[in-house]
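Novice: Here is how the chains run, residue by residue.
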Amino acid sequence: MNDTLLWYTTRGAGAVSLVLLTAVVVLGILSALRVKGAGWPRFLTTGLHRNLALMTLVFLGLHIVTAVVDPFTHLGWLTAVVPFSSYYRTFWLGLGTISFELLLAIVMTSLARGFIGHAAWRMVHWLTYASWPVAVIHGIGTGTDTLSAWLLVLTVACVAAVVAAIGFRVTAGSRDPLEEPRTTFQAAVQRREPR
Amino acid sequence: MTRLLAGRDLALGAEGLAEHLQRLGPLPAAGPSLTEALVRSGLAGSGGAAYPTGLKWRSVAAESNGTAVVIVNGAEGEPRSLKDRLLMTTRPHLILDGAFLAAKAVRAKQVVLYIGEEHRASQDSMARALAERTGEERRLVRTVSAPARYVAGASSAAVHLVDEGIATPTTAPPSAHERGVAGAPTLVQNVETLAQVALVARNGSPTGTLLVTVAGGVFRPGVLEIQAQTTVAEAVELAGGASEPPHGVLLGGYFGTWVKAANAWELPLDHDALRARGLTLGCGVIGVLPGSRCVVCEVAGIMRYLASESSAQCGPCFFGLRALADACTRIAERGTDPADLQRLQRWSAEVSGRGACHHPDGAVMFLQSALATFPDDFAGHRPHLRRAA
Amino acid sequence: MRLAVDRIKCDGHGQCAELLPELIRLDDWGYPIVASGEVPNHLVPLAQRAVNGCPVLALALRRVETQRRATG
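Chains as they are written, first to last, in this note's numbering: chain E, 1 to 195; chain C, 1 to 389; chain A, 1 to 72.
Selected chain E positions facing chain A (Cβ under 8 angstroms, derived; list incomplete): (1) 43; (2) 46; (3) 113.
These are computed hints drawn from the structure, not numbers from a lab. For glycine and all other residues, C-beta sits at the position ideal for the given N, C-alpha and C.
Between the sequences and the hints, there should be enough to build the whole structure, so can you do that?
Specialist: As structure tokens, this is what we get:
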């Protein structure tokens, strides 16, 4: 009974983490697109993006702890930090570990943004586009023998949302009105590559 | 009392090293005493900002521990200014003397000649002069071409190009004298200022003259070396006189200030005297606007130029100057609309001071000066009828 | 404490004006116009939030110090 509770909590927290992470990615893209509406200021998009990212870590924590503590899976704490070190579903769990660690790096650099500067922060933040799909694949892979309809529908919905958001981002182009004239001017006055 | 342009006839080209040394004697030693002499003399820079040269040298020397850099600014990006090119093509050794004296005084390990990439004659002249110098001096020097854009002549843009290969202005702090090329304290000095330094080192004081470029509606436009306090009228006379009764005079180039003709003649061509009157000498361009040209159309054209020369790094400058130029052009081409005049005031107030460099400030000062000096022209401008070509 | 905008880093996102409308408004092109002078004490925490909220870290809150004059 206890084991089943742990098992369902692991799966439930994992599903919630995926939904939250999807929302975080979509909000991040909307933020870059500078979307704004009546009664929806831009700081709301970025504020939600940050807060949901922190909430994702909470549910991820629950997902990881219940999975490790569950006697059925025989996972040690090491599997949470070293990818592909479990006997149980080695490959798919390993992906989960990777996704988690990428996310951790992204969140920690975001918290330390004032110290590391914008350029370094931005470089690490691009890893989101690795962390999210790896999480999706981890979810599908670890749940293949017990894949239920609702989890399938959920996963498809999350993928659709992110694909649509990326579609918008790619077709929208830069939202910085100075991007083009600045690049043109710099090309005109550049005489060699910066050191 | 010597002059910058004393010596051989200017039409004969550059003065060689032998002639230069024969006329003026050897290059004196440099050191703190030269810096103090500059401070005492009150010599101001000739690049447009008129910052006290001695104080600048003190700041750089204080920060320098042998790694400082001297940038000899011969970019001359101001379209109507010719004085720096004249100096480079006729008295290059005065400039080089000043540069090496500066290098000694601030303990620099490099001297960079920053010359406009389209100023071929100047580049050739400076290169030939450099070849005549000692090996020790030549080893200090590096020549870099300044892109032919207005902002490329600004100090931070010069530092940026020498340091990282792109001539865009940068945010200060830090300013060049604190951290410039490769993080070292950098002295950026106009070529005319360095020429003056070469003479201060030999004579103990500056020449008491300055170079101005008279442009526009005069019979003999070009560079003049004038005594300090010479009036605008005297300078225009030396340039052959006005070709027709002018509207007014633009003093200081495109970042300068306008004066109605009647009020301009008695003005002394001196930085402090003009500043006291709310005007500026800037880079020494005296632009005489002929009566047959339209003030409004002229101002609109210059605003369009200044807007197109924004480096597009800051929104208020790029969009603000464009909006101001568009409004001026509308007034010029379609006639005055009170809404446009209001926009000019509002945007001027909003744009000034909100860029990383002084480009938007200079443009706004130019425009505000035009509006204040020629209010009737702007208030009642009508589009000009086009004549068949 | 004073607010300062790095004009080159600023990309006109406009979040600062949303977070601190008491001291920051946007011009016609979406770039911030910051009220000059000291930030009133009661607004300092909000100003700090606006600084943290800038997507490109262009806004800064600095203690007032004597400025060294920039040379020409």
